[in-house]
Amino acid sequence: MRIRADRDVCIGAGNCVLAAENVFDQDDDAIVVVLQETPDGADAEAARNAVGSCPSGALSIEET
Amino acid sequence: MTGAIALPLHMQRDRYDPPSRMAELRERPGLEPVTTPLGLRAWLATRYEDVREILGDAQRFSSAGLPGLPGADPDERAGNLLALDPPDHTRLRRLLTGEFTVRRIRRLQPRIEQIVTEHLDAMEQAGPPADLVERFALPIPSLVICELLGVPYADRGDFHRRAAIQLDLTRPLSERGAVAAESRAYMGTLVDRATADPGDDMLGMLVREHGADLGRAELIGVASLLLIAGHETTANMLALGTLALLENPGQAAAVREDPAVTAPAVEELMRFLSVVHSGMPRQVTRDTEVAGTTLRAGEFVVVSLPAADRDRALVEDPDRLDVGRAASPHVAFGHGVHHCLGAPLARMEMAIAFPALLRRFPALAVAGEPEFRSAAVVYGLRHLPVSW
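Read top to bottom, the protein sequences are chains A and B.
Each residue of the first sequence is one higher than the last, beginning at 1 in the working numbering.
Each residue of the second sequence is one higher than the last, beginning at 1001 in the working numbering.
In isolation and in its complexed conformation, chain A is listed as follows (with noise of 0.2 Å):
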């Protein structure tokens, strides 16, 4: 998998870094930041969960 992040899109909730600390990150204006581009194990998982529970639609998942 491939984390793919918008941050045009992304409206800072923080969802994916409570979600998946490993993977997400915010900078100082909260906007996402992707520390992890192809998680795997548990942080592959969390990932899911983060994207999920995105609210802004700023977050995909490529299959690869």
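Honestly, the hints are just simulated from the structure, not real lab data.
Note that the structure is predicted; figures quoted are calculated from it, not measured.
Glycine included, every Cβ here is placed at the ideal spot set by N, Cα and C.
There's no promise every hint is true.
[Said to hold, decoys possible] Looking from chain B toward chain A, a few residues come up when the C-beta cut is under 10 Å (computed):
no., residue
1, Leu1095
2, Pro1198
3, Asp1200
4, Val1337
[Unchecked claim] Listed below are several chain B residues computed to face chain A (Cβ distance under 7 Å; list not exhaustive):
no., residue
5, Gly1098
6, Thr1262
7, Pro1329
8, Pro1344
Following the hints, put chain B in place on chain A, whose structure we already have.
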């Protein structure tokens, strides 16, 4: 109470639950025609998928379409993020998001723990019985948002009263409008003070860093929204959540004893209680369709957040409170661009307050009839008598 109104379906509750009619509507195709408290005809969405579709598409569903109150101050809506669409909404929200990052909120953790401890100490010293709303659920988030924003906590008596009236649907519109104007005038004095001498709080930051872009009316609007949203919502979650835990002793025990349960328990209480009924009605911007119902441009749509969060499409056995279940992507904080800005703060407050309360008073019990706040924009409890 004056001017009793017939509470619309999407604001009715039976204790913790949306009315049973909501479950029927979820099973039926399409959206349901309803009338809002202001007499607006609207379509009601009850399914998780439909609610996410509507809230997730600000282009098709505008938050700015609600008619203003007759005779209202034209500045009334300035800075009110809830009633703005992108790109105005995006511009204003981005000035604030940096204050609510997960990292920034984590820095507040020691202070929030201290505030919770002080309120528990005061309760313990005064001894039982106590009104949990007055002693715990309301003052904690209120003090936190005051410190964050730069509002004198000494003024809480007035702004608690005004917030309760502004959100009380049983009050005449004229009274709610007059109190809203009073709130704006009060915030105006704080904005002027911050402009003259900006402090380290959020008002000071807004003035210092964005004073050139933000007008006075916008500053007042933003700050008023943060103040009211910062205490009313979390206060009602803390009160109603405590009652739900006390009435499910096994669940309360799990929260009391297992720190690993805290984070999913907060999400489950949010999902199960969904204290905000619906947020802003949305106006359809162009002819479209949701769940097979044709919606015409100009029509209004309201969503039921509690109904969506009790949808089997979201979790199994949705009408059961189960703090042990994995956190679900509920819509209690909303969805789309208007998703709650303060969610990381609210989550932190609840994650600290619920376990701390249950650990301090292991014998905590309901000691009288809780008074539900039925006709309000934010559902919850007016009083919760407890003993220990």
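Hints, one by one, checked against the model:
no. : hint    : verdict
1   : Leu1095 : holds (9 Å)
2   : Pro1198 : violated (19 Å)
3   : Asp1200 : violated (17 Å)
4   : Val1337 : holds (5 Å)
5   : Gly1098 : holds (5 Å)
6   : Thr1262 : violated (12 Å)
7   : Pro1329 : holds (4 Å)
8   : Pro1344 : holds (5 Å)
Comparing the model with each numbered hint stated earlier shows that hints 2, 3, 6 do not hold.
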